[in-house]
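As given, the protein sequences belong to chains A and B, one line each in that order. Here the first sequence stands for residues 4 to 434, where the numbers follow the working numbering. Here the second sequence stands for residues 7 to 323, where the numbers follow the working numbering.
Don't read these hints as lab results, they were simulated from the structure. The beta-carbon is built from N, C-alpha and C at its ideal position, and this holds for glycine as well. Possibly wrong hints are sitting among the right ones.
[Unchecked claim] The list that follows gives simulated cross-link-like pairs (lysine to any residue, SDA-like), each with its CA atoms no further than 20 Å apart:
#: 1; chain 1: B; residue 1: K131; chain 2: B; residue 2: G76
#: 2; chain 1: B; residue 1: K82; chain 2: A; residue 2: F432
#: 3; chain 1: A; residue 1: K429; chain 2: B; residue 2: P239
#: 4; chain 1: A; residue 1: K429; chain 2: B; residue 2: T86
#: 5; chain 1: A; residue 1: K120; chain 2: B; residue 2: W83
#: 6; chain 1: A; residue 1: K264; chain 2: A; residue 2: S419
#: 7; chain 1: A; residue 1: K168; chain 2: A; residue 2: K238
#: 8; chain 1: A; residue 1: K180; chain 2: A; residue 2: D313
#: 9; chain 1: A; residue 1: K264; chain 2: B; residue 2: F155
#: 10; chain 1: A; residue 1: K294; chain 2: A; residue 2: K326
#: 11; chain 1: B; residue 1: K219; chain 2: B; residue 2: P239
#: 12; chain 1: A; residue 1: K264; chain 2: B; residue 2: R268
#: 13; chain 1: A; residue 1: K326; chain 2: B; residue 2: G74
#: 14; chain 1: A; residue 1: K276; chain 2: B; residue 2: I156
#: 15; chain 1: A; residue 1: K151; chain 2: A; residue 2: K326
#: 16; chain 1: B; residue 1: K87; chain 2: A; residue 2: F432
#: 17; chain 1: A; residue 1: K191; chain 2: A; residue 2: K250
#: 18; chain 1: A; residue 1: K429; chain 2: B; residue 2: S70
#: 19; chain 1: A; residue 1: K180; chain 2: A; residue 2: T129
#: 20; chain 1: A; residue 1: K327; chain 2: B; residue 2: G74
#: 21; chain 1: A; residue 1: K142; chain 2: A; residue 2: V377
#: 22; chain 1: A; residue 1: K238; chain 2: A; residue 2: V377
#: 23; chain 1: A; residue 1: K180; chain 2: A; residue 2: T312
#: 24; chain 1: A; residue 1: K336; chain 2: A; residue 2: A68
#: 25; chain 1: B; residue 1: K87; chain 2: B; residue 2: L107
#: 26; chain 1: B; residue 1: K165; chain 2: A; residue 2: A274
#: 27; chain 1: A; residue 1: K241; chain 2: A; residue 2: M252
#: 28; chain 1: A; residue 1: K180; chain 2: A; residue 2: A383
#: 29; chain 1: A; residue 1: K327; chain 2: B; residue 2: G76
#: 30; chain 1: A; residue 1: K120; chain 2: B; residue 2: T86
#: 31; chain 1: A; residue 1: K264; chain 2: B; residue 2: I156
#: 32; chain 1: A; residue 1: K264; chain 2: B; residue 2: I178
[To be verified] From the structure, some residues in chain B lie toward chain A, with a derived Cβ separation under 8 Å:
#: 33; residue: G74
#: 34; residue: G85
#: 35; residue: P163
#: 36; residue: N179
#: 37; residue: L181
#: 38; residue: N267
#: 39; residue: G286
#: 40; residue: R290
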Amino acid sequence: MARPRPGQLPTLDRRSVLKVLLAGAGIAAVPGLAACGSGSSGAESKTVTFGSNYSDPVPRNALKAVLDGFKTDGLTVTANTKDHNTFQQQINNYLQGHPDDVYSWFAGYRMRYFASKGLALDISDTWTSLGDSFSAAQKEASTGSDGKQYFVPFYSYPWALFYSKSTWAKYGYQPPKTFDELITLGNKMKADGLTALAVGQADGWPQLGTFDQLNLRTNGYDFHMSLMAGKEDWKGAKVKAVFDNWKRMLPLYQDNALGRKWEDAAQGVLAGKAGMMVIGSQQIGQQFAQKLDDLDFCAFPTIDPQWGTDTVEAPIDGFMMSKKAVNVDGGKKLLTYLASAPAQLTYLKSDPTSIAASSKVDEGTYNALQKKCVQFVSEAKHITQFLDRDTDPGFASDAMTNGINKFLGDPNSVDSVLSGLAEQAKSIFTG
Amino acid sequence: MTLAEQLDAGTGTTRPPRRRARRKSTALSLPDRIVLLLMVGIPAVVHIALVWVPTIGSIVLSFSEWDGIGGLSDIKWIGTKNYVDVFTAYPRFWPAVAHNLIWLVFLIVIPTAFGLLMAVLLDRKMRFSSIYQSILYLPVVLSLALVGFIWQLMYEPDKGLVNNLIGQVGHINWLGDSSINLYAVLVAAAWRHTGYVMLLFLAGLKALDPALKEAASLDGANSWQTFWRVTFPVLKPINIIVLVVTVIEALRAYDIVFIINRGRNGLELLSILITDNIIGESSRIGYGSAIAVVLLVISLGFIITYLVQVFRKEERS
Numbered sequence: 004m005a006r007p008r009p010g011q012l013p014t015l016d017r018r019s020v021l022k023v024l025l026a027g028a029g030i031a032a033v034p035g036l037a038a039c040g041s042g043s044s045g046a047e048s049k050t051v052t053f054g055s056n057y058s059d060p061v062p063r064n065a066l067k068a069v070l071d072g073f074k075t076d077g078l079t080v081t082a083n084t085k086d087h088n089t090f091q092q093q094i095n096n097y098l099q100g101h102p103d104d105v106y107s108w109f110a111g112y113r114m115r116y117f118a119s120k121g122l123a124l125d126i127s128d129t130w131t132s133l134g135d136s137f138s139a140a141q142k143e144a145s146t147g148s149d150g151k152q153y154f155v156p157f158y159s160y161p162w163a164l165f166y167s168k169s170t171w172a173k174y175g176y177q178p179p180k181t182f183d184e185l186i187t188l189g190n191k192m193k194a195d196g197l198t199a200l201a202v203g204q205a206d207g208w209p210q211l212g213t214f215d216q217l218n219l220r221t222n223g224y225d226f227h228m229s230l231m232a233g234k235e236d237w238k239g240a241k242v243k244a245v246f247d248n249w250k251r252m253l254p255l256y257q258d259n260a261l262g263r264k265w266e267d268a269a270q271g272v273l274a275g276k277a278g279m280m281v282i283g284s285q286q287i288g289q290q291f292a293q294k295l296d297d298l299d300f301c302a303f304p305t306i307d308p309q310w311g312t313d314t315v316e317a318p319i320d321g322f323m324m325s326k327k328a329v330n331v332d333g334g335k336k337l338l339t340y341l342a343s344a345p346a347q348l349t350y351l352k353s354d355p356t357s358i359a360a361s362s363k364v365d366e367g368t369y370n371a372l373q374k375k376c377v378q379f380v381s382e383a384k385h386i387t388q389f390l391d392r393d394t395d396p397g398f399a400s401d402a403m404t405n406g407i408n409k410f411l412g413d414p415n416s417v418d419s420v421l422s423g424l425a426e427q428a429k430s431i432f433t434g
Numbered sequence: 007m008t009l010a011e012q013l014d015a016g017t018g019t020t021r022p023p024r025r026r027a028r029r030k031s032t033a034l035s036l037p038d039r040i041v042l043l044l045m046v047g048i049p050a051v052v053h054i055a056l057v058w059v060p061t062i063g064s065i066v067l068s069f070s071e072w073d074g075i076g077g078l079s080d081i082k083w084i085g086t087k088n089y090v091d092v093f094t095a096y097p098r099f100w101p102a103v104a105h106n107l108i109w110l111v112f113l114i115v116i117p118t119a120f121g122l123l124m125a126v127l128l129d130r131k132m133r134f135s136s137i138y139q140s141i142l143y144l145p146v147v148l149s150l151a152l153v154g155f156i157w158q159l160m161y162e163p164d165k166g167l168v169n170n171l172i173g174q175v176g177h178i179n180w181l182g183d184s185s186i187n188l189y190a191v192l193v194a195a196a197w198r199h200t201g202y203v204m205l206l207f208l209a210g211l212k213a214l215d216p217a218l219k220e221a222a223s224l225d226g227a228n229s230w231q232t233f234w235r236v237t238f239p240v241l242k243p244i245n246i247i248v249l250v251v252t253v254i255e256a257l258r259a260y261d262i263v264f265i266i267n268r269g270r271n272g273l274e275l276l277s278i279l280i281t282d283n284i285i286g287e288s289s290r291i292g293y294g295s296a297i298a299v300v301l302l303v304i305s306l307g308f309i310i311t312y313l314v315q316v317f318r319k320e321e322r323s
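Chain A extracted, bound-state conformation:
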């Protein structure tokens, strides 16, 4: 007698289930593939992509005005704006991933680093037509180790001793010429009930600027740049002298410096509660905003007469092209536009706290602060970019930031701080 096969049906069911699963997987894969396909082939030659770290409201709006003014060959600029600090931290991954055609960045060591790594596009041919707009110093700051240009300067802003004009007039203060005069002035400010030096180190970078000022005045430009390149001993007598001078300034510091944001410190200067602040014109200028007329500055005073005040720290912000740029021709046209006087003046109209990089800008449109900045920078024998742009990013963000925080928190730990910096410098620079 023929019997039914009880095992056959379950087996068939399992196979059917597997087939359905596999088919489903296949269907699920289709949209992804389609998306990938359309993504890679869809870029238009009429669009230039732009990566920006101009994330604060003032610079963001100013830059938007500039990009809106770009009308060349019907090209459109698409801006991708990212938080300033985040952009800086993640730029290595960004440049190796899918970077925009043009992106904002800094001049100096940080630019040369990416150029030498093959992450930036050589724009020497673009510089051929830009050369007469910039000084030799600016061209040098835009040049990689291979002698080619990779950067287009946009604007710069000097670091100095900033103060409120009305506050100083009220108490009869005068710009100090020497370090001793600075100490005397600071003590007078304290006696008058003011905070002498407004300080906000919560973000880690502001006091790097104070180190720069002290080192440039104590040891001069050549030693400073050699130190930034990792060629000097951080435990040496010269660096120790910088921190000894710094110790003399510390009694003038605002309370809770390590926990305060620089914006709050600058607000103290604006409100007439703090006497002065070592900061960049762009930073404190944006805090003064509508009261920019009240903002004034003087050079950080002389410490060693041998150097006087011959060096000015004036970071240059500008733009570079990615090695992986999709629209190279459009990107170069955008860079040419950004290097022009009209573009830079458009920016500075919305953010009048910096000075244009182009020498073709009509300075008659500048406010008093900008005119003083121009003179200040033009009289400088040397220009530096700021510690975290003049040296290895790891050394700046990890070693220096934390070392200076340690020193500010416990000035008597200076010997161990300098030993730590020396060892980290050796580890980082001789890698």
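Knowing the structure of chain A, use the given hints to seat chain B on it.
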């Protein structure tokens, strides 16, 4: 037909063994094996790819010097130099280890004790018990990044709740002073961890047999004695879970200090050093990987201890 009967009987006796053999051979058919293989294999592949490959990759990279730019051919192998430098030439390393240990001890002692206390109190049949449980548990649903943000506001020197409550407006910078900010942050972390511990202990207490307490009462034990001699020993399995959870929290602490000041100025933790070196501007992949391996070794110490206990317990049962 006697011959026919004999023949039938013969064939009958030989068939059953064959049938049984066939059934055994078809117990796992090919489709069954494939399904089983997929069900076990896919999770195993995912686990290997997402856990073991990164771990081994990190260990390998810790012997290299690499800035993350370019391909694998740009990696330079430098032996144990990263470890030597981390241990001897990195001022942030030993403070970070100390801070992680302080974090661990603090979480084990304060929030755990407080959570246990809350659990015991709320386990009684009292009015509004559910409301109190909800209130104490609420911080657990917040991410530590959000907790960091909330407590930044509370600790603000000029306008913060804490300084205003104690009449020290503008004077104490809880988060900016490196001699006290670690403890200020630990209070914030405890605020969240206490609720979690309380919940775990409440679950354990729910499972406690009321008869045990009654027996103790009949023997004349007071509340204190009942707790230490009856309740607490019975909660031993929960204690182990709480300990494991606490160790995990202490070793992986990151978001709360990163939100506050990016892990600087007295708030260094090993996790911060790892990301500063690998993800941050430094791009010192090898160096950061070495620190990651150190954290892995510390974690393994706790993990192995826990697993040994668990296996020992299973052997007994």
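Hints broken by the structure, by number, lowest first?
Numbers 1, 3, 6, 7, 10, 14, 19, 22, 25, 30 and 34 - these are the hints that the structure violates, sorted from lowest upward.
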